Amino acid sequence: MKTLIGQAYHLYLDPKNWSNMELFPPLGSLYAAAVLREAGHEVHFSDSMIAESTDVWAAALDAERPQLAVMYEDNFNYLTKMCLLNMRDAAQVMIAAAKKTGALVIVAGSDASDVPETYLDFGADVVINGEGEITLEQLVAALEQGGLQNIQHIEGITFFGSDGAVIKTPKRRSLRDIDSLPMPAWDLIDLSRYREKWKAHHGRFELNIATSRGCPFHCNWCAKPIWGRAYNARSPEKIADEFAILAKQGNPDRIWVMDDIFAMKPGWARSFANALKDRNVQLPFKCLSRADLLLRKGEVEALADAGCQELWIGAESGSQKILDAMEKGTSLQQIDDATRLLKQHGIRVGFFLQYGYPGETWADIKQTFGLLRRNLPDVIGISVSYPLPGTPFHDRVLDQLGSKKNWQHADDLDLMYRGPFKTSFYRVLHRFTHRLARYQRGTATPIQRDTAGKSNH
Amino acid sequence: MREAAGTLRAFVYMVPLWAQLHVLRVTSRPGVTPIDPKLSRAAAGLGAVDLTEGK
Chain B
1 MKTLIGQAYH LYLDPKNWSN MELFPPLGSL YAAAVLREAG HEVHFSDSMI
51 AESTDVWAAA LDAERPQLAV MYEDNFNYLT KMCLLNMRDA AQVMIAAAKK
101 TGALVIVAGS DASDVPETYL DFGADVVING EGEITLEQLV AALEQGGLQN
151 IQHIEGITFF GSDGAVIKTP KRRSLRDIDS LPMPAWDLID LSRYREKWKA
201 HHGRFELNIA TSRGCPFHCN WCAKPIWGRA YNARSPEKIA DEFAILAKQG
251 NPDRIWVMDD IFAMKPGWAR SFANALKDRN VQLPFKCLSR ADLLLRKGEV
301 EALADAGCQE LWIGAESGSQ KILDAMEKGT SLQQIDDATR LLKQHGIRVG
351 FFLQYGYPGE TWADIKQTFG LLRRNLPDVI GISVSYPLPG TPFHDRVLDQ
401 LGSKKNWQHA DDLDLMYRGP FKTSFYRVLH RFTHRLARYQ RGTATPIQRD
451 TAGKSNH
Chain X
1 MREAAGTLRA FVYMVPLWAQ LHVLRVTSRP GVTPIDPKLS RAAAGLGAVD
51 LTEGK
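Those sequence lines, one after another, are chains B and X. Note that the numbering used here has the first sequence beginning at 1, numbered continuously upward. Note that the numbering used here has the second sequence beginning at 1, numbered continuously upward.
FYI, nobody ran anything at the bench for these hints, they're computed from the structure. Just so it is clear, the structure is predicted and the values come from calculations on it, not from any experiment.
Only some residues are given here: those of chain X computed to face chain B with a beta carbon under 8 Å: (1) E3; (2) A10; (3) Y13; (4) L17; (5) S28.
These stretches of chain B come out as covered by chain X in the derived footprint (C-beta under 8 Å, 3 or more residues): (6) 418 to 427; (7) 437 to 449.
So the derived label-pair ranges between C-beta atoms look like this: (8) A19/X to P182/B: 50 to 58 Å; (9) V93/B to R2/X: 37 to 45 Å; (10) K404/B to H22/X: 26 to 34 Å.
Backbone N, C-alpha and C define an ideal beta-carbon position, used for all residues, glycine too.
Work out the full structure, taking the sequences as your base and the hints as a guide.
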């Protein structure tokens, strides 16, 4: 079938991230494109990440006149997991544009998985729930054979039945052998435009990769609409091959490994470092991990050997009481120890912080300032607790939510439930903490920086 | 030199934000959602995550 793939997530509709201009191709959508193409379909691509208007999608529809319009979000990018209202509005416009051309419309992504009926009401014909590649492939084959009357047997979809009732088919199990998927269809996007933007704003160029899918941990605020608590990883050798290909074709200065948790399997990081060495590939990368996993023997050393340049930890809070309430499963001591280890191996450290979790007091917030002072992370990212559907946290505060249930954009920081303080407090706290962290780093002596994280609890 | 200027700028911006933060802290309503100890995974009798789960 002649298919056009696009995404509702437009970076230009997310002011903070548009200004940061850390622009990554929609990797998940490129996987979907590759799968359909391998199945023999004619696939075209509209790249919303770099677009500056939804008109780009409309123009692609006009140019290609596809039988099928697929809006497939990049599920690897945390920005799509935020289910922002600006993107939902864009989706509505895009679905209407596609319907106007007579195309069938399929939607896949975190927000559509959370609220499929909303997208069906916008005019979508089918919503894919959760991980989408195999569902999409089967769905397109079924549509080609028998149209919308022939899709009831496909797992993992929601659609309106002939009587107008919403039909949700059984959930599809996550794909275990993700090495079996083809390489993302990199050729369908214009990498030179990404390179230009990166160079102009940052003086370097970064590309992205995913080595695993999902996260088995159970932080009770974390939404997992795509993979649930399943976790599947690709082989270190395959990833090393892909690093080699990206180095050759894209020539990036650094890779962002988009996994929720990089190298979670015991021994994976060491195997990966060895596989890169065998292939003589040297390509720095940044990634995310957990403090407890980093303390496994030889883990940080293996990451450094593989080329890890920057590692982000979901530190969340400087209060153990809050970490326990979140069911984070890590301790402050582990954060301190992991930070020290990373710095000793020359890896830059990033902390994700979260304010406003129920029960957090001013004393807890001051402990977070202390966490920063002790550890002096090189970079921090701050958010406030955001109740997304499907999480225990969301269920707990559900009766406090008003009509606004999602953020408009990533910098909204609206505390949508009755939190410890008002939203205005957190918006100032967000700015203050960034300044504080910068000030702490600037006034620390080199010795303090080298031994950051050395403390007793 | 550039780093020192950045640090100084951070301090200069920090002071009014600190004052603003305290005004908002005092005028903001304190929390109404206490931590539910029953949410604790250990209390719920659930085990630790199995790292060998999945492929």
